[in-house]
Amino acid sequence: MLTILFDGIAYGMLLFVLASGLAVTLGLMNFINLAHGAFAMAGGYAAVVLVNKLGWPFFAALPLAFVIPALAGLLLERTLYRHVYTRPHLDQVLFTIGLVFMSVAATDWVMGSQQVFVQLPRALEGRFEVGGVGIGRYRLMIIVLCGLLTIALQFALARTRFGSRLRAAVDDPRTAQGLGIPVNAVFSVTFAVGSGLAGLGGALGVEVLGLDPHFPLKFMIYFLIVVAVGGTSSITGPFLAAIVLGIGDVAGKYYMPKLGAFAIYTIMIVVLILRPQGLFSRAPGR
Amino acid sequence: MSASPPGVLAAALAERLGQRARWRPIEIAFWVAAVASVFLLPGKHIILAEIAILALFALSLDLILGYAGIISLGHAAFFGFGAYCAGLFAKHHLINEPVLALGAAGLAAAALGFVTSFLVLRGSDLTRLMVTLGVALMLREIANRFDELTGGADGLQGVGIAPVLGSFAFDITGHVAYVYALAVLAILLVLARRLVHSPFGLSLRSVKGNALRASAIGIPVNARLVAIYTVAAAYAGIAGALLTQTTAFCSLDVFSFERSADLLLVLIIGGTGYLYGGLIGAVIFKLMQDWLATMTPQYWQFWIGLLLVAIVLVGRERMSRWLDAARGLVRLR
Amino acid sequence: MPACCSSIQGEIMQRTRTVAILAAVAAAFALGSAQAQVKIGLILPMTGQQASTGKQISAAARLYMQQHGDTVAGKKIELIVKDDGAVPDNTKRIAQELIVNDKVNFIAGFGVTPAALAAAPLATQSKVPLIVMAAGTSIITERSPYIARTSFTLAQSSTIVADWAAKDGIKKVVTLVSDYAPGADAQKSFTEAFAKAGGQVLAELKVPLAAPDFAPFLQRARDASPDAIFIFVPSGQGGTFMKQYAERGLDKAGIRVIGPGDVTDDDLLPNMGDAVLGTVTVHHYSAAHPSPMNKAFVAAFENANKFRPNFMAVGGYDGMHLIYEALKKTSGGTDGDALIGAMKGMKWESPRGPMSIDPETRDVIHNEYVRKVEKVGGQLYNVEFATFEAVKDPVKAQKK
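As they're listed, the protein sequences go chains W, D and E. In this text, residue positions in the first sequence follow my numbering: the first is 52, and each later residue adds one. In this text, residue positions in the second sequence follow my numbering: the first is 530, and each later residue adds one. In this text, residue positions in the third sequence follow my numbering: the first is 297, and each later residue adds one.
Hints are supplied without guarantee of correctness; some may be wrong.
A short list of chain E residues far from chain D (calculated; beta carbon distances all over 10 Å) [said to hold, decoys possible]:
{"id": "1", "residue": "Ala347"}
{"id": "2", "residue": "Asn386"}
{"id": "3", "residue": "Pro417"}
{"id": "4", "residue": "Lys467"}
{"id": "5", "residue": "Lys484"}
{"id": "6", "residue": "Val497"}
{"id": "7", "residue": "Asp631"}
{"id": "8", "residue": "Gly641"}
{"id": "9", "residue": "Pro650"}
{"id": "10", "residue": "Phe681"}
With a Cα cut of at most 16 Å, we get these calculated EDC-like pairs of lysine to aspartate or glutamate [to be verified]:
{"id": "11", "chain 1": "E", "residue 1": "Lys335", "chain 2": "E", "residue 2": "Glu438"}
{"id": "12", "chain 1": "E", "residue 1": "Lys502", "chain 2": "D", "residue 2": "Asp676"}
{"id": "13", "chain 1": "E", "residue 1": "Lys548", "chain 2": "W", "residue 2": "Asp222"}
The hints are simulated quantities; they were obtained by calculation from the structure and are not laboratory data. Quick reminder that beta carbons are idealized off the backbone N, C-alpha and C, glycines included.
In isolation and in its complexed conformation, chain W is listed as follows (with noise of 0.2 Å):
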């Protein structure tokens, strides 16, 4: 019971790695983002060519797969993106999945269609046993990484200076800039670090869920429920959101086997006709 409670938990806290630049960038840019899932598969990749075929250790791997994805991001936001993001949903959705197809044909072609696996140091295979309570190993590094994750940007967000610009930037771009703040860069940081973001969660989610190319089409409904139950006006929205998607997922598939997803998407209609103002209300004046 309780190993099912931590599993669920490391789960949901990948889930809520994977999906945090989802949450900064649609909540903050108002920006729908289909193509997010496409930025952790590159950090899955990356993590999976330098650990697998450059011999690199595992851990030294995962900072380069958030700098790799977060470049991409940041090339990307500046020469794609930003030209979509004054344009309807509409046309943000439709680039997004556009984008998802391109990069899951031209993973398939570079890295080939196979699922592809992550060699991991000793110290993080196998489980121990506290109390009765089988641990993961794999999964408790997840679990404290992403929570100190969530705690530095939570942080980021709330008490410093660049946290401070980049809210006053999505209040009114207007007035921020001419208050002198930066806003299309501030821009371009957000996204290339939610893009980072989403690839160390990449990096870290191989062994868990699986790499192949389909990846990001797999995926994109979980990281938008995350950001859809959880919110978008601050980062505990969503990350409470993953936690309750990740034990309800793992233990609805533990009790009903048949009917896991299922509650999951219920609950996520639920919570959004009984608040959906409440949850996106920056969205539709805008």
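Guided by the hints, dock chains D and E onto chain W, whose structure is given.
Coordinates of chains D and E only, in the frame set by chain W:
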């Protein structure tokens, strides 16, 4: 206008509506071409039947997206529901005659549309995207769950479709399938034309333009949205039922996200808000997809994706301006 | 032939000579191409989650044609590869188009059971032989008299796993299969055979086909504390399963993994890590099968592609062989009844070992090997250590 007596106003309005609803030469040409394809392209009837079904499905999305401004990423919910209804009717010999079954499947999908329409009345684009997507995924899970009835992941097996109107049996060459699908499409398009050119259609446009103002001038916004969503669901359900009937098969894929996403692409290629967008888009999309998939079976998705990105970056408005010369002839508004 | 026709034509009608030549050449060409060409429509999942199956089979089919030439019994073989994304609706439409428009003489491929089932009625209607190169549910070949199979059936390996496990001291088992037809087949045949051999199945778990996280299911299996888990997942998912099996510490808890060889798929095995060492599976093909023919096949395959051939590849390779040999027997005749008749009872040596087509059921008969994952030359392989010869599909044998 406001000074005119009510009777004159009504007459002027009726005339205006009549003008809008008149059949344009290019529309007639479109249908002449469609009918000609029945005789001139007998070897292409299989893909043409599929195009006709996709066109009907896209027409359904156009009704809610182009005329009511509701973005949906889960329109496959109704398509799939109609598909499974038609499959189950035929499999269990509840309704054998395909046309009747088609109507029944449409009604069933309409009922589902009516119920779920209340979920999309409020909320932002994103909320609607998620809710529509969620409904489609839920239905997929349900279909998977009740595998004794639906066959689960194996698809609905053993569907035998009776001859249309008791005399035209579906054949392997797809002739009957195409003529049947085309006829259904034509009838439903005529109905949709009438609908959007009626005062009801006009009021929808004003809702799409600005829901707040629309309600201020006395249009019951929610009732209008519920009505059009229900009609669109019926159309999608009929499209799904057509797919089941013409292929004598149906699988969980009818609910898939990819189907809904492709549908958006189809409609965007053709353009929204003038009914023919879905039809033209379906022709272009299917032929392109078929060609790409033949050229590169493994990586055709890449080019479809590239096309989407290009369409958005070039700008739909700009593209539609380029096409305006052509479209102006067809445009009905 | 065009030359002779044109000269006759030329003598008769001097003035329209050029036109006549052209017409005659065109006619001869049309006639010739209809006679001298055999088209094979290969319908495979080249995109989507089953894409690796499609890649394996198409690569193997191309390799076969490269090795054996593209002309058989005077006919030129043309291969048309189409992507169905493992979506049965697409499979059916594509098969129909291939048959009606491209006038193919064979349809082949079929990455998953639902795809094969969807296309089966078309084979009957059109009398075009349908060669199943991948899908593994028993009932497929019963859906049309024009279906032959060169892949495998899950019951073949599952029953043998059961016998072998019972003999090896495994008494309690939890089964864990993907929730679709092949999974049900595997689970049913294993459970029946295992019960007969005196074993006990503690729980039967079904994983949704599209749910890649096995953690909760593995936890359930662990909580039942069996001696082993019997596992079937479609080609491509085995890696995730084995990873999570090890992560969950089931190996340390003494719970073994047994099952058909899909779980230690050759395609994924090299990346699975040492946790899979010692896993025992039963299957009809291993890339490490020690025959000279297989060694040549694997070398040629790896040379042409970046990956190792798996059991899907060998299904595609043998499928092409079956088509070639059937055409030889009919001297290039493309009548569906004659071709399927020629296939019945055909025997040959395949990279997997000796195999044949059951003359009664048109299903595959081949050896099943018990294998253990070991390191060979620093790479993980399924090393065969016991053989069950000429295994027929037990599901059909039972029905008789």
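Do the hints match the structure? See the list:
1. Ala347: The assertion about E:Ala347 is violated, with a minimum of 7 Å to chain D.
2. Asn386: At roughly 8 Å from the nearest Cβ of chain D, E:Asn386 sits no farther out than 10 Å, so the non-interface label is violated.
3. Pro417: About 7 Å separates E:Pro417 from the closest Cβ of chain D, which leaves it inside 10 Å; violated.
4. Lys467: Holds, because the least Cβ-Cβ distance between E:Lys467 and chain D comes to about 31 Å, which exceeds 10 Å.
5. Lys484: About 14 Å separates E:Lys484 from the closest Cβ of chain D, which puts it past 10 Å; holds.
6. Val497: Given a closest Cβ separation of 21 Å, the condition holds.
7. Asp631: holds (17 Å)
8. Gly641: holds (29 Å)
9. Pro650: holds (32 Å)
10. Phe681: holds (34 Å)
11. E:Lys335 / E:Glu438: violated (24 Å)
12. E:Lys502 / D:Asp676: holds (13 Å)
13. E:Lys548 / W:Asp222: violated (54 Å)
Violation of the numbered hints given earlier is confined to hints 1, 2, 3, 11 and 13; the remaining hints are satisfied by the structure.
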